[in-house]
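Visitor: Please build the complete structure, drawing on both the sequences and the hints.
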Amino acid sequence: MTELKILLAIWKTNLLSAMEYRAAFLTQVIGMLANNFIYFAIWIIFFDKFKDVRGWGVNDMYVTFGVLASAFGIVSLLFGNAFTLSDIISKGRLDYYLSLPRPVLLHTVSSRTIASGLGDFIYGFISYGMSGYFSWDGLVRYVLAMLLAATVFGAFLILTQSLAFWFGTMSNLSGLMLNAMLTFGIYPITLFDSYAKLILFTLIPAALMGAVPAEFIRAFSWQVLGELLLGATGFLALAIFIFHKGLRRYESGSAIQIEI
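Going by the working numbering, the sequence shown opens with residue 114, and the numbers climb by one from there.
One or more of the hints may lead you astray.
Computed spacing ranges between beta-carbons, pair by pair [to be verified]:
#1 Gln-336 / Thr-126: 25 to 31 Å
#2 Arg-362 / Trp-335: 26 to 32 Å
#3 Leu-316 / Trp-124: 28 to 34 Å
#4 Gly-205 / Phe-159: 43 to 49 Å
#5 Phe-314 / Leu-260: 17 to 23 Å
#6 Phe-163 / Ala-293: 20 to 26 Å
#7 Trp-156 / Ala-293: 15 to 21 Å
#8 Tyr-209 / Leu-342: 31 to 37 Å
#9 Trp-156 / Trp-124: 18 to 24 Å
Hints are computed from structural coordinates only; laboratory data are not their basis.
Heads up, the beta-carbon is just placed ideally off N, CA and C, and yes, glycines get one too.
Guide: Here is the structure:
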């Protein structure tokens, strides 16, 4: 309970800090909204010509892109440092968070807000509203699926960036993995064969951020909900384990640096 209060206080402070310059804040939010609309226009043009890709139409893309955008946005807003965790580790900036008597990982990733994430978050709901699948019970499924997709995404960021404990700066690789996650997350899952689908559920769990949540939003299914819950809890547990495994290496390395 105490951690939750501190987390809420951190988020409030981050938001107030981001909104200190209102014009810059609104510019980032509106700019990201516009960016998403322009990007999705490509898919509208594509499906206007081809109509259907193995049972996947433009309305399905609205839902898929929407949940992916909202999941990306909420992680950006609430856990912005997850995107730069490898730099924090490799440059020794984790020392600050180690000095505080709170969960290191939670405090580290939550200590930054990316203002443009609000544009992604809002756009996702707009996209779902335009999909033709909107219903009030569907909206509840959308929120639940979005939170589980965000958990998978945040865990994936932490997992890949925590490799910096072993390999040093991981900016290039983590950026590549991030782009792969977002790129494959928007593509119709029906395009991929069984081997590619295995990769999209494990090494790069993009399907758990896009296609699978979209499937759950369109129609309730216990099986799909189970897949999302299993993926979210599994990747989050693995990410926490890898981070704390690496943290023990960082502590000993940090001590050596201080002595030098």
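Visitor: Evaluate each hint against the coordinates.
Guide: Results for each hint:
1. Gln-336 / Thr-126: 25 to 31 Å: Since Gln-336 and Thr-126 have Cβ atoms about 41 Å apart, the given range 25 to 31 Å is violated.
2. Arg-362 / Trp-335: 26 to 32 Å: Since Arg-362 and Trp-335 have Cβ atoms about 41 Å apart, the given range 26 to 32 Å is violated.
3. Leu-316 / Trp-124: 28 to 34 Å: For Leu-316 and Trp-124 the Cβ distance comes to about 31 Å; the hint holds.
4. Gly-205 / Phe-159: 43 to 49 Å: Since Gly-205 and Phe-159 have Cβ atoms about 46 Å apart, the given range 43 to 49 Å holds.
5. Phe-314 / Leu-260: 17 to 23 Å: holds (19 Å)
6. Phe-163 / Ala-293: 20 to 26 Å: holds (24 Å)
7. Trp-156 / Ala-293: 15 to 21 Å: Taking Cβ atoms as reference, Trp-156 and Ala-293 lie about 19 Å apart, which means the hint holds.
8. Tyr-209 / Leu-342: 31 to 37 Å: holds (34 Å)
9. Trp-156 / Trp-124: 18 to 24 Å: violated (32 Å)
Of the hints listed earlier, those the structure fails to meet are numbers 1, 2, 9, in rising order.
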